[in-house]
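Given these sequences and hints, build the entire structure.
Here is how the chains run, residue by residue.
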Amino acid sequence: MKCCFIVLACGAIAAFAQSSADRIAGALMDRSLSEHVASLKTDDLIAMYSAMAGARRDNPHYQALLASAYVQKTRETTDYSYLDRAVSILNGVLSADSSNYEALRLLTETELERHLFAQAAESSLQLIRISEADPWNWGTLGDAYIEMGDYEKGASAYQKMVALRPDLASYNRASHFRFLYGDVDGAVAIMQKAIQAGSPMKENVAWCLVDLGNIYLKTGRNGLARDAFQEALRAFPSYHPGYAGLGRVLAEAGNTQGAIENYRRAQQITPMPDYAAALFDLYNRTGDDAQAAKQMELLEMIDRVSRANGEQANRNLVFAFADHDVKLERALELAQGELEFRRDVYSYDALAWALYKNRRYGEAKIAMDKALQLGTPEPQFQRHARAIAEAMKEVAP
Amino acid sequence: MSQNRRIGLGLVLLAGNVFAASHRNGPLLLEDQTANLNDFYIFRSYENGKSDRLVMSMSAQGFQNPDNGPSYYKFSDSVLYRFNINNQRGLDGRPDTQIDFNFTTTLQPNPTFVSYFGTIQSIDDPGIFLYQTYTVTVRNLNTGDVTTYGTDQNGHALSVAPPNLGPKSTPNYEATLGQPSVFTLANGWRVFAGPRDDAFYFDSGATFDTLNFRAPAPVLTGGADAGAGAAYPNAVDGFAGYNISLIAVELPITAVTVDGKVPTSSTASDAKIGAWASTHRQFVTVRPSPSDPLNFGDYVQIDRVGNPLTVEALIPLPMKDYWNRSAPADDRQFAQYIGAPFFVSGILQGVYSLNVPPTPRNDLLGVYVPDITRIDLSIAPVPLAQQSRLGPLGGDNAGWPFGGRRPNDDVVDIGLRALAGVLVPGFSNTPPLGDGVNGNDVPTLDHFPFHAPPHAGYLHSQANGTNGQGTPTGQ
Chain D
1338 MKCCFIVLAC
1348 GAIAAFAQSS
1358 ADRIAGALMD
1368 RSLSEHVASL
1378 KTDDLIAMYS
1388 AMAGARRDNP
1398 HYQALLASAY
1408 VQKTRETTDY
1418 SYLDRAVSIL
1428 NGVLSADSSN
1438 YEALRLLTET
1448 ELERHLFAQA
1458 AESSLQLIRI
1468 SEADPWNWGT
1478 LGDAYIEMGD
1488 YEKGASAYQK
1498 MVALRPDLAS
1508 YNRASHFRFL
1518 YGDVDGAVAI
1528 MQKAIQAGSP
1538 MKENVAWCLV
1548 DLGNIYLKTG
1558 RNGLARDAFQ
1568 EALRAFPSYH
1578 PGYAGLGRVL
1588 AEAGNTQGAI
1598 ENYRRAQQIT
1608 PMPDYAAALF
1618 DLYNRTGDDA
1628 QAAKQMELLE
1638 MIDRVSRANG
1648 EQANRNLVFA
1658 FADHDVKLER
1668 ALELAQGELE
1678 FRRDVYSYDA
1688 LAWALYKNRR
1698 YGEAKIAMDK
1708 ALQLGTPEPQ
1718 FQRHARAIAE
1728 AMKEVAP
Chain X
-4 MSQNRRIGLG
6 LVLLAGNVFA
16 ASHRNGPLLL
26 EDQTANLNDF
36 YIFRSYENGK
46 SDRLVMSMSA
56 QGFQNPDNGP
66 SYYKFSDSVL
76 YRFNINNQRG
86 LDGRPDTQID
96 FNFTTTLQPN
106 PTFVSYFGTI
116 QSIDDPGIFL
126 YQTYTVTVRN
136 LNTGDVTTYG
146 TDQNGHALSV
156 APPNLGPKST
166 PNYEATLGQP
176 SVFTLANGWR
186 VFAGPRDDAF
196 YFDSGATFDT
206 LNFRAPAPVL
216 TGGADAGAGA
226 AYPNAVDGFA
236 GYNISLIAVE
246 LPITAVTVDG
256 KVPTSSTASD
266 AKIGAWASTH
276 RQFVTVRPSP
286 SDPLNFGDYV
296 QIDRVGNPLT
306 VEALIPLPMK
316 DYWNRSAPAD
326 DRQFAQYIGA
336 PFFVSGILQG
346 VYSLNVPPTP
356 RNDLLGVYVP
366 DITRIDLSIA
376 PVPLAQQSRL
386 GPLGGDNAGW
396 PFGGRRPNDD
406 VVDIGLRALA
416 GVLVPGFSNT
426 PPLGDGVNGN
436 DVPTLDHFPF
446 HAPPHAGYLH
456 SQANGTNGQG
466 TPTGQ
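Chains as they are written, first to last, in our numbering: chain D, 1338 to 1734; chain X, -4 to 470.
No wet-lab data here; the hints were simulated from the structure. Hints may be right or wrong, so weigh each one.
[As the list claims (entries may be wrong)] Taking lysine-lysine pairs in the DSS-like style, the calculated list, with each CA pair at most 27 angstroms apart, reads: (1) Lys1664(D) / Lys1702(D); (2) Lys1664(D) / Lys1707(D); (3) Lys256(X) / Lys45(X); (4) Lys69(X) / Lys1378(D); (5) Lys1707(D) / Lys1555(D); (6) Lys315(X) / Lys1378(D); (7) Lys1702(D) / Lys1555(D); (8) Lys315(X) / Lys1497(D); (9) Lys1730(D) / Lys1702(D).
[What the hints assert, rightly or not] Facing chain X, a subset of chain D residues (Cβ under 7 angstroms, in silico): (10) Asp1487; (11) Tyr1488; (12) Val1521; (13) Gly1523.
For each residue, glycine too, the CB sits at the ideal point set by N, CA and C.
Below you can see the structure in the form of structure tokens.
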């Protein structure tokens, strides 16, 4: 009886495996498998999901899992070739089934990563019409609105996200919004809740710790900032924003060599323009002109790559150039390009600074006022506003 | 030279997407480790001399690797862990009493890089750098009475049991750290919070391999359905050797019945209650408020668990998040899935060709709508040694689904047979379905908190293919 049943069962599974058996396996694995894989590193997840997706190319869930792992890897490394792979996989899924919810949701996140904010907002709204109770969709909608400078709509979307599910993701966004509006205590308290909420993805926790460290750093609590950055690196070793944060703390403390070491670690992981700009300053401080020159060469190389790709916007390069009085026209061009699709306070600050450096003080003042509209406690905003105000006084009749 | 090469490589990788580097791409979550619940238990205490007591426990953060770093699996300070008890209105899924556990983490001054240092000789050892305490708040929702306990009856903080690191750091774990973490509150209730062995047992590996059950599953005959059942490798407990975070409370039965008495008859109006566990996080306002800069608000439900296997076997995947956020009192909205589960039509009938009862399955609706674990408090507890893993299906009514749920109840085998219709008239000769795993990897306790002590990190091994099955816990 038992043998007969097993033979029958195996035969049935073989015939059934392509559809229903996977569905029930997927349902059963929901809680336990997710907790099993929670502690895996992203590279291991990619390997595992690649095997699953390769074995079952017709299974969109496995394809989506692989795409989500590539999106996560992009977050961790800032290496956008992973994002390209994710988009390619998602487009493949959607070419077979244009209504695949899982793929559509991930594709919206890739639109945000690619700064297609208006498109991401529209995609989010479409997904909300399909699943209003999914906090993810309200998160991507809020992100898009915030980047486009529509803070009221952004707050409403974030509020909906929090109401549906208070967790690391929604707390992190609520905290950021509080900071934008100058509520530092609220931002700190809510970011601490985000950290306490945790995530199976340790990079997510490290992201919040770096956010917390930056709030502390911008409000003059450098000791707490250092602790937060160090905690981020404990949570997720080799996290480049953590090293960069420590670099900033040490630079402000006058520990130039320590700052260089941390920025170099960050740069070795991913060559962000602001890391090169910081290292340029730090090497100049030590009198190492050769190394400083290399960092400036790197910035110019990044710009050449950016131009070769037809990019008209890059906020990081704006500050890198404007702060060092090099390629000022290019800085302004990039800042103006940024405004084409992103009208948040940070973009207006970049524009104001580039205009100031190009001696267009009146226009700089108008842009700076827009950057200051929310009362965001960004020391950089205040520094730029003071410089512009001084220049306005000097040129006043 | 080497650094420049790395930078050059990085630039190649960044080509075409340099602009994206400044975007504030906040995390988006699919999983929520600290707020996810695994299992909920409720049963009359079978501890010697405690049969007038009720025990409830919930497990969170499943699949804890004992050797994965002892500070990794702490309770979340941002999560409210709640027991909900429903004893009125015909058990409609609305809570009448709630028992809340709130945790606070204190990081003691730490000269080291570890959370626990040296030999931990007591629950107050100075080597415990990561120190967690909790409060217990009891709410009677009908009277509005709220009482909070922050210490035990002797004034000791309600502290979370430390992890079981191994014989050098936490020698004689259960006597030194496990049992001392059981606290008696001023009202006489006993509580526990800390790591324990996961009492759930199930051949998850075979199931997830597209129902690739090992012989003798999925129809257990003869010895496979009796006693300890088949041994490894024919039965593999996918949960063996793993720990969970357990919250447990023991309270008088009189505290949970509507009339404050111990019921003596199954037909008495106070005989049956229902209960479930849930997790919550606090609402925050996104916009700053001048009157209250923080303005933290009510708690929002993140997860819930009543009966075993509900969300795993009955609720469709796209509905799971919504189900977790919803209240048991509203479970009628899921009746279409529970009354005609795909598991029964698609798997038991479709794959295994079983003759299953017609839908709607009122037997399942009676258990799962609302999804609360019901317990008949008039049923006397059965001593651990005499318990049947099959509960009522094995002649032991003090187990799931009529007598609550005990740690040793084989809810997978009971659930498979119930889904196949064994409790439906005319279907009682359903094959003895099961996964082949008939018991937990380590013995559970005959006393509070009943779950076995946690596996020790030092002793844990996955090398033998059984995740440390059989390795004694508690040293």
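Discussion item. Run through the hints listed earlier and report the numbers of any the structure violates, in increasing order.
Written reply: 10, 11, 12
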